[in-house]
Amino acid sequence: MEHVASKAIEDHWDVEEIRNEFPLLKNTMHGKPLVFLDSAASSQKPRVVIDAISQYYSSQHANVHRGVYALSANATDLFEAAREATRAFIHAQYDHEIVFTRGTTESINLVAHSFGQKHLNQGDEVIISAMEHHSNIVPWQMACEANGAKLKIIPLLDDGTIRIEDVRDLISNRTKFISLVHISNALGTINPIQEVIDLAHHHDIPVMIDGAQAVPHLPINVVELDVDFYAFSGHKMYGPTGIGVLYGKEKWLEDLPPYQGGGEMIKKVTFEKTTYNELPFKFEAGTPNIAGTIGLKAAIDFLGDLPSTSIEQHETSLLEYGTSLLKELPGLHLIGTAPNKAGVLSFIIDGLHPYDIGTLLDHQGIAVRTGHHCTEPIMDRFGIAGTVRASLGLYNTHEELDQLASAVSKAINMLK
Amino acid sequence: MEEIVKIQDEIIDEFSFFDEWMEKYEYIIDLGKKLPLVEDQYKNEQHLIHGCQSQVWLHCEEKEGRLFFSADSDAVITKGIIAMLIRVLSGQKSEDIAKCDLYFIDRIGLHEHLSQTRSNGLTNMIKQMKMYGIATKASSYE
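Chains as they are written, first to last, in my numbering: chain A, 6 to 421; chain B, 1379 to 1520.
Derived from the structure by calculation, the hints contain no laboratory data. Keep in mind that a hint or two might mislead.
[Stated by the list, open to error] BS3-like cross-link-like pairs, simulated, lysine-lysine; straight-line CA separation at most 30 Å:
#1 B/1477 / A/37
#2 B/1471 / B/1441
#3 B/1515 / A/421
#4 B/1515 / B/1477
#5 B/1505 / B/1441
#6 B/1508 / A/421
#7 B/1411 / A/37
#8 B/1402 / A/31
#9 B/1505 / B/1515
#10 B/1402 / A/332
#11 B/1384 / A/415
#12 B/1508 / B/1384
#13 A/332 / A/37
#14 A/332 / B/1411
Given these sequences and hints, build the entire structure.
Dropping the structure here:
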């Protein structure tokens, strides 16, 4: 097949130039050039991110918000510059609405725990969807269990989408919170989050969006969305592991009790009573992942230097091309065929186990993920044990998808 | 114990004839397809060894101090590796099974299937086979 779509964006999108920024992409796997199709699990890192972390530890490290000496003051400046860059990246109103966490999982746990503690009571309800990652299921189960509340699930249609009518039907006068994934890691579905937020707000219900898969693909504007909480991770958007973000509207972050206690989050401590620090420090107990925030800023700057519409165009073109190639393979079924979809090609093949396919792809240099992708309820919904998932990043090429299709075809021949 | 070493060396020798990974895996897939399955009555929760990626069912019977294994998996490559483990361990003395070093897996380049990330039930299956060995050995000295 001709790479018509790739030609169309060639003028302003040089994927080879971008690939040169990612040292690891030059690796081989089992002696074959690496075809990395697992960015939804964790993306690779551009040199600017690696260098920023290395430079920080080589010449800039000291604890933040502590010392009066120049090195500590400088580290604090770098740390707070990362917060400002993150604010600008998602177009939040204030820096103090950006809380640094370990990742999306911790961001969700923070909200589930603190919101649950203050606002969930016996008989209250929290709504999530059937396509959530375990990290947007389990924290809410725990919060519901701790406070006597119930979890309500938005059902999933055959193409991997949800209907706004079903959300409307689930909302009751006991609904206290809605937490929904922006883009499904297992299916690629882009959810109609704006409609859900508008609907929820009509009923005075706050909404959290799990944006882990969305931030590397789409521009995010939390003010336009009017979302109450938005969570994402550094490592899925070309930044380091161990750093994540919780955006929360000022009024909500002021309202919620702290999640963890320790240094940094306090104003005054006596054995009788502790008063808490102001935002965002109230939610940042202990020494933060300073290097992580610096790496995150480098990733944000890296993405900022690329035209964001081109990231979308390139990835959409890859997705369409990959879909057309895989559909040709005998017995292959794509799981997740939402009309509005990003970055994920999840599939099963009649009579073959994902583990076997993944193993045979690995030996052909192709890195994909197999299994349930931490979304067991989705697998149950489709009556399957797992899928093979190829997920796309801005550095993937149409040629790599050709290689994927031919490697899958080879695996089918070997296993049949 | 000599028997366990001998069979492992035979397998290593057989694998040395494969020039490339595809031949090796075609052989393993073939073994997997031929593996006598665990009887349906044993393919239940009690005999299931959970893995994140693939599942394994393992049944063990003891006869005069020797252990006889039958097993199955939902993934054919896992099954092929199980077939080799059964070839090495089934019918051996329980104390030998408990003590033996299963070096052949590394030597034929399949250690990756035992790494934590694979979570295919194989690591736990080997542990379980050895546990049967230890348990039988212990009870025979009571």
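Hint check results:
1. This hinted pair does not check out: residue 1477 of chain B and residue 37 of chain A have alpha carbons roughly 38 Å apart, beyond 30 Å.
2. Restraint check for residue 1471 of chain B and residue 1441 of chain B: satisfied, since their Cα atoms lie roughly 9 Å apart, inside the 30 Å limit.
3. Restraint check: the Cα-Cα separation between residue 1515 of chain B and residue 421 of chain A comes to about 42 Å, which exceeds 30 Å; the hinted pair is violated.
4. Restraint check: the Cα-Cα separation between residue 1515 of chain B and residue 1477 of chain B comes to about 11 Å, which is no more than 30 Å; the hinted pair holds.
5. Under the criterion of a C-alpha separation no larger than 30 Å, the hint pairing residue 1505 of chain B with residue 1441 of chain B is consistent with the structure, at around 20 Å.
6. This hinted pair does not check out: residue 1508 of chain B and residue 421 of chain A have alpha carbons roughly 33 Å apart, beyond 30 Å.
7. Simply put, residue 1411 of chain B and residue 37 of chain A have alpha-carbon atoms about 28 Å apart, close enough for the 30 Å limit, and the pair holds.
8. With a C-alpha separation of about 27 Å, the suggested pair residue 1402 of chain B and residue 31 of chain A falls inside the 30 Å cut-off, and the hint holds.
9. For the given pair, residue 1505 of chain B sits about 15 Å from residue 1515 of chain B by alpha-carbon distance, which is consistent with the 30 Å threshold.
10. A hinted pair counts as satisfied when its Cα atoms are at most 30 Å apart, and residue 1402 of chain B with residue 332 of chain A qualifies at roughly 29 Å.
11. Taking the CA atoms of residue 1384 of chain B and residue 415 of chain A, the gap is about 35 Å. The hint is violated against a cut of 30 Å.
12. For a cut-off of 30 Å, the pair hint linking residue 1508 of chain B to residue 1384 of chain B stands: about 19 Å separates their Cα positions.
13. Our distance criterion of 30 Å between C-alpha atoms is met by residue 332 of chain A and residue 37 of chain A, whose separation comes to about 25 Å.
14. Taking the CA atoms of residue 332 of chain A and residue 1411 of chain B, the gap is about 27 Å. The hint holds against a cut of 30 Å.
Violated hints, listed in ascending order, are 1, 3, 6 and 11; each of the other numbered hints is respected by the structure.
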